[in-house]
Each structure stands twice: as structure tokens, then as C-alpha cells.
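Student: Protein chains in written order, with this note's numbering: chain A, 1 to 235; chain B, 1 to 297.
What the hints contain is simulated information worked out from the structure, not anything from laboratory work. One or more hints might be untrue.
What the hints assert, rightly or not - Far from chain B, by Cβ distances over 10 Å, these chain A residues were calculated:
no. : residue
1   : Ser51
2   : Val134
3   : Leu136
4   : Ala140
5   : Thr173
6   : Phe224
As the list claims (entries may be wrong) - Examples of chain B residues lying across from chain A (beta carbon under 10 Å, computed):
no. : residue
7   : Gly53
8   : Asp73
9   : Val76
10  : Glu77
11  : Arg80
12  : Gln99
13  : Ile100
14  : Phe107
15  : Ile131
16  : Leu134
17  : Ser135
Idealized CB from N, CA, C, for every residue including glycine.
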Amino acid sequence: MLWHKGWLETRFRLLFTLGFTTLILALQYSTRTAASPPGGKGAAVGLVMFSNPVLVLMICSLLGGAGIVTQPSLQATKGLHGSTLFTLSLPVSRLRLLAIRASIGWFEAAGVIGALCCGMWLVSPAFRAMTTPVELLEYAGTLMACASALYCVTVLLSTFLDDQWRAWGSMITSAALWWLSAHTPLPTYVDIFRAMREGSPLLTHTMPWTAMAFSLGLAAILLFAALKVVQTREY
Amino acid sequence: MTDFIIETSQLCKSFKDKAALRGLDLRVPAGSIFGFLGRNGAGKTTTIKTLMGLLRADSGGARVFGNPVADADRSVEVRRRIGFVTEDKELYPYMTVEQIIRFTRPFFPKWRDDLEQRYLQMFELPPKHKIPHLSKGMRSKLMLLLAMSRGADLLILDEPTDGLDPAAIEDVLRELVAVAASSGTTMFFSSHQLAEVDLIADHIGIIDQGKMIVAGSLDDIKARYQRLQVVFPDPAGLPARWADGVESVRQEGRVVSILASHNIDAVVEQARSIPGAVVERFPVTLKEIFLEHVRSN
Chain A
1 MLWHKGWLET RFRLLFTLGF TTLILALQYS TRTAASPPGG KGAAVGLVMF SNPVLVLMIC
61 SLLGGAGIVT QPSLQATKGL HGSTLFTLSL PVSRLRLLAI RASIGWFEAA GVIGALCCGM
121 WLVSPAFRAM TTPVELLEYA GTLMACASAL YCVTVLLSTF LDDQWRAWGS MITSAALWWL
181 SAHTPLPTYV DIFRAMREGS PLLTHTMPWT AMAFSLGLAA ILLFAALKVV QTREY
Chain B
1 MTDFIIETSQ LCKSFKDKAA LRGLDLRVPA GSIFGFLGRN GAGKTTTIKT LMGLLRADSG
61 GARVFGNPVA DADRSVEVRR RIGFVTEDKE LYPYMTVEQI IRFTRPFFPK WRDDLEQRYL
121 QMFELPPKHK IPHLSKGMRS KLMLLLAMSR GADLLILDEP TDGLDPAAIE DVLRELVAVA
181 ASSGTTMFFS SHQLAEVDLI ADHIGIIDQG KMIVAGSLDD IKARYQRLQV VFPDPAGLPA
241 RWADGVESVR QEGRVVSILA SHNIDAVVEQ ARSIPGAVVE RFPVTLKEIF LEHVRSN
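Okay, chain B solo, but in the shape it has when bound:
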């Protein structure tokens, strides 16, 4: 049986007339690194805020560690087990780096002094600097330090690498994987950087217009999808309707590019039945899957 650290069912949330979540179903397995993808305004931050108890769902349910997020009493205990990085990386403007670390530490009994010191050095954070004097990248690093040193069972990270330079992104991603591997921490992070997600996530969910359109193990999803390239001599021979499993078809001259999500052998068979057609199969990248789905949705 798989344990889910985060579970939502038919989660709906609207702001005035605008629906942000329309029946979102999300399941994040324990110990996974879950990449939460979507376009701007797709509902990622609304989902994260709902999970953190900052927003209340209009309908549907959400549970973290098996506890309903709407339960104010239990949410305090739940938050003790969560490390959180907010989208805008804002911290108290009147504190210095060392003051905010000293402020945060006592709230978390499993605080990791070793990680705190390690990240202070790795991220080259100046302890005496006031937070408004830090660059956005440095504030992101400080927020990551505050989230990852909590000794949390779950890290919820909203665009964690936003504002970081490529070298720092590399360091942060390596550390996230190391933390997940060494302590079994579940990681749920949203990102626009598909390459990052491809690099570290083992599970993904793609949200669009408030609904989950693809979810599951990244390996399974990648194995399920294939791109077929069909070169044919005569356009008249192309089928009017492709077999079930074809997600999209793009034609450029005498070349047809097909993205198929299942029933691939039947699609290949259909392509080969075109007189003179040459069919090749290619693995697909996460970027292709993402773009195909959000465009077609």
C-alpha cells in the first residue's frame, strides 16, 4: 500500500468570479520528490496555500499527513513537520540573517544545527546583514536554509530556485536530493524550470486551469509517451483519423510528428500501413509532454 503525504480530492477554490482550482485531485507519495508543474495562473500557488492552511477551499478535501488542512488545531502540529518556501521569498525586513535563524529555530524541535551551519557556509550568507540588504537570490537561499534546517518530514517549496544563479541552482538541487535520500523527506515543489524537475523529480503533476491533467511517476509517464516521426511520399495516403492514444499530430511537408500516450504499437502499425511510409520512434522529454498537454488543454 502506498502512503500519501498529501492528498486532495475534488478541491475547488474561487476568487470572486474566477475559479483557481476546479476539482483538483493530487496525491504525493511518501518519500517522493514531486514536481508540481503548470503555467502562470494554473493554480500552483493556490494549491500550496490551501495545503498550508492559508486559504480555505470552497469544496473538496485536502489532507497533509492524513490531517485535514482545514482543522486549525491539527494544522499547528502539521506545520511543525513542514518546511516551507514561499513564492515571493519575503522575510522580516527588520531582522538580520542570524536573527531570523535564531527566531525560527525554537519552533522546530528537530532543527538541524549541522545543516544550518552547512548552508550558511555553502550559500555564503552574511549573518550580520539585514534581510532587505540581501539580493533576491540570497533571500531565496536564506529561505531554503530556514526550510531545510527544520528537520521537516515534508518540504513544500514554491519556486525554490527563483532568483538563483545557475551554480547556486546546481547546489540547491543537489542538496534537495541529498536531504530526500538521507532522511526520507518528501518534497513537493512547484517550478517553471522543466529541466530542474526532469533532473530531480521522481513524480510529477501537471496542473492546468485548476485541474490535474497529468500525474504519476516520471519514469512511467516518460515510458508511456513516445514521439513517432512518419515520413511519407504522398499526403493523400494519410489517415483521416489516427488510432486511440494519439495526443497530437503535427505535419510539416512530408513529415508527420505524432505524440502518443498509450496504445503505441497500434499507432505505429497504422503509420506503417501508409504506402511508402518510414516510421521512427523517439523517447520524449518532460518539456514535450508538458507543452503538449497545456497547449491542447
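For reference, chain A alone in the conformation it holds in the complex:
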């Protein structure tokens, strides 16, 4: 039943995120068909390389959820929604509440990333010509794994930030992490932003396993921190 509750809370956000992603795809497509990019196929992939990580960041921020507090369908709430007390009166541990809510958001984010990759394949002949279906699958897997850390930043922020600040907070935090990764001598094998761009399987034709593992490890640490916050928080 908690899964169903989570779905009811997130379905309009998911729809909004899908719509937004479709719009970006359509813009990419119309830009390329209106004026053939001077760089040809390489420029098409370059555009994708730049825009997709930004999109992934936004997807994670939008679908990250509100921790264990009630999240009305689309509008962000200020303060604690009163029905959160009803949820917390149920015989369910806070660990389970958080885990289910975080899982729902992650599956939705992964779904949107999958849809984004399929959409690129369908709408862009240049992209289709440069990649095989296997490489596309590897690229989608890389994005999902690397997105996990960004997603868990949102989950952690949601445990102590008001819903109205959560999405902005996670976008700003993730953008700051991106900036840091670009301006600090971070080893390339742990740079998750690089793994989504120039280090992605689309360009290197190899999976960035270490960056993916680093992202998943970081996600686990952030999730653990979120759980600790939730367990000690008062409502």
C-alpha cells in the first residue's frame, strides 16, 4: 500500500518530468533539422553529451521526493503536511517509509532516463547512425548509475528541507558538485559527471565502471545519512 501511496504522490511529477524531457528532445530534434549542424554527426552527439547530464540532474531533483513527509501531487508545500502524522502513526518503521519513497523516485528517474535514451534514438538519425543498440543500453545504464548519487543528494536534502526548497536545493547542490568536479583535480575514474559526458560509453566504447561504482557507493552513503536524519528527526 505504501508503494501505491508513493505512486499517487508522484504520478503528476513524473508526468511533468516526462513532458519536460520530451520538450527538450523535440527542441534538440528541431534544431538539428532546421539547420544541419556544421559539425555533422559529432556535433549531434556533442549536443546530447552536454544536454543529457543537465537533464539527468533536473530529473533527479524533480523526482527525488519528500523523504517520509506527505508530498501533495504537484505543488510544493511549506512546512510539514499534517497528514505526515497519520503516516507516522502507522505500524511502519521510518526506514521502510524512506526506502519505499526513495525507491519509487529512483525507479521513476531511471524510467525517464530510459525514455530519454530511447527518444534520442528514435528522433535523431545522426545519433542512430553513430551508436549501436548495445551502446545505447550501456549509455542508459551509465546515466542511471551516475544519476544515483545526484538522486540521493535530493533524498538527503528532502529529510530536512521544506518541500518548496528541496528541488532548488538539490539542483544547486548538484550544480555545485559538477562545478567542483570540473575545477578540481579529481581522478577521472571517480568523476561521475565526466562519465556521463566525455567518458560515456557512446564516445569511449567502454563502460566507466569505476565512476559508476563510485556513484553507487556515494548514493549508499547519502541514503544512510538520510536514514539517520529521518530516525532522529521530530515531527
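For this one, chain A is given, so just place chain B on it according to the hints.
Tutor: What follows is chain B alone, placed relative to chain A:
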């Protein structure tokens, strides 16, 4: 030996600099209907939230069914045995009445389908209506349905009749008594409506400024307290100091009204010793006891 379903000892809780509970001692006997009274801000909701594990006490202890409320693992099992009505009666805004019933039911193995159907009809709740479209009274009724159908051993109700019309209050109070009588459910409810508490509670606790100032069986408390009315001819004859047991003294002209909590015979004797005084004894209402204590505290 009396079993206590809820027990707190020296419970303290502060929010920043403001102390909400200052050493609260509370004992709710098994099977009782316990009315928890207090002014706004006295600490009722803080106590209830602490018992439900939503707030953590700064010091002192609280146990429900013998389990410490701070123990997160045990609190899941404890909550399976509790029906809870929150103060603000907020439920999920994206669900309908039948959806939230369907959502809540599986969490409680002892869910009472018969009571669910009975309250759906009695409270005239529209199953297809979304919760934001319900009035506050209807939301209160829905919360009561969700709490009372759980087959709980303990009902914790924070202002359960808030927003209800007088006829609905009557129905709800009758049902609460029926549930307590038929299944031995312990009921712990806070209310500002002293008449309601007087009607159904067998035990009461009055909290003020985070401390319990009166607690016990309602019958015992009422039997213990008496109001004495003393009519006297000459104010000069009034004693400067009344006997032990006098809680308050109010004088209007040649009439003195005395509220005594114990040692009543000695107080009566003292009043009768005033030359020409006429003394009458009256039983007191819960409202009088409540007002007297919170004013004098």
C-alpha cells in the same frame, strides 16, 4: 495490582527555550477512558506526540504497553495496537474516502470490517469523495473511523470531536463508550470540552504548564472536592486563615464560596465557628475543579 497502559515519569520536553513538559507524571489504567485536560499550550499535544514517538523527550521516561516509546524497533509493534486521531485531522489530499480506508486496512491485522461499515453509514461518509472536499467535521469522522476500526487496544485521540456538530458529538461519544465497554479498549483523549469529559471519562488528568496538577478517578476526585457556601452576618468574624484543604476562597458581600479538596469536615467546622454563619455543602462539577486549578496554578 493495576496495570497501566501509559506511564510517564518526570517527562521533560523543551522547544528551544520554551519548556513544554516539566516533569510530567502520567498513568493511564488499562481499560479506562482517560480525559486529558488542559488549557491551550499546556502540553497536551506534546505529550501525545511523545507517546506516539513523533517527539523525543529531553529527559524522563515514557512507556506504552510497557515498551519505552523511544525504542524505534518496539514502537512499530506498539503502533499496531494504537488507534490515533491527530489534532489537525489532516489526511492525504490525493485520496478518496474509500482509498484511504483501503490504504489503512492492511496495516492492522485486527481491522474490524463490521465497524468500518457501521461508521461509514453512521457518519454518512461519501466513499468517492476526495479528502480535501470534505468539511472539517467529515474529516474528523473519517479519522475516527480509521482509528476505531483498527481493532486497537489503545485509542489516543487528540481533540476527537473538534469540528463536529452536537448530534455527531453525541454519536461519537456513545460509540467511544460502546467500544471501550465491548472490547476493553483503553481510551486516552484530550479535549477542551469539559462536558464531554465529564460525560464519558472515568479517569482524568489536568495538565498545566507541562505538569500534571490533578489526576485520578473522576468519581474519587469529585467525591474529594466540595464547595462550601458560607453566609455570615459580620465580615469581621471571618478567619484570617482557613484550615488545610481549602483550595480557593471567593467572597461576594456576605457570602463566601470555598472550594475544598480534603479535610472538608474540619473546614466546615471552622466555618460554623463564625458567629451567626450558615454553612451549606455542594458537590462540584469537573468544570469548577478544572478552572480552580488552572487559575490558581
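Student: None of the hints should be skipped; say for each whether it holds.
Tutor: Hint by hint, here is what the structure shows:
1. Non-interface call for Ser51/A relative to chain B: holds, since the shortest CB-CB distance, roughly 32 Å, exceeds 10 Å.
2. Distance check for Val134/A against chain B: the nearest CB is about 40 Å away, which clears 10 Å, and the non-interface claim stands.
3. The beta carbon of Leu136/A is kept farther than 10 Å from every beta carbon of chain B, the shortest such distance being approximately 36 Å.
4. The Cβ of Ala140/A sits about 31 Å from the closest Cβ of chain B, beyond the 10 Å cut-off, so the non-interface label holds.
5. The non-interface label for Thr173/A is consistent with chain B: the shortest C-beta to C-beta separation is roughly 27 Å, beyond 10 Å.
6. The Cβ of Phe224/A lies farther than 10 Å from every Cβ of chain B, with a closest approach of about 16 Å, so its non-interface assignment holds.
7. Interface hint at Gly53/B: satisfied, since its Cβ lies 8 Å from the closest Cβ of chain A, which is below the 10 Å cut-off.
8. Annotation: Asp73/B was flagged as interfacial toward chain A, and the flag holds, the nearest CB pair being 8 Å apart, inside 10 Å.
9. The criterion of a C-beta within 10 Å of any C-beta in chain A is met by Val76/B, whose closest approach is roughly 5 Å, and the hint holds.
10. The interface hint given for Glu77/B holds, since its Cβ lies 7 Å from the closest Cβ of chain A, which is under the 10 Å cut-off.
11. For Arg80/B, the suggested interface contact is upheld, since its CB lies about 4 Å from the closest CB of chain A, less than 10 Å.
12. A distance limit of 10 Å between C-beta atoms decides the matter here; for Gln99/B the minimum to chain A is near 8 Å, and the interface restraint holds.
13. Because the beta carbon of Ile100/B sits about 9 Å from the nearest beta carbon in chain A, less than 10 Å, this interface hint is met.
14. With its C-beta approaching chain A no nearer than about 5 Å, Phe107/B sits inside the 10 Å limit, and its interface hint holds.
15. Hint on Ile131/B holds. Least Cβ distance to chain A is approximately 8 Å, under the 10 Å limit.
16. With a cut of 10 Å, the hint placing Leu134/B at the interface with chain A is violated, because the nearest CB-to-CB distance is about 13 Å.
17. Interface restraint check for Ser135/B: the shortest CB-CB distance to chain A comes to about 16 Å, outside 10 Å, so the restraint is violated.
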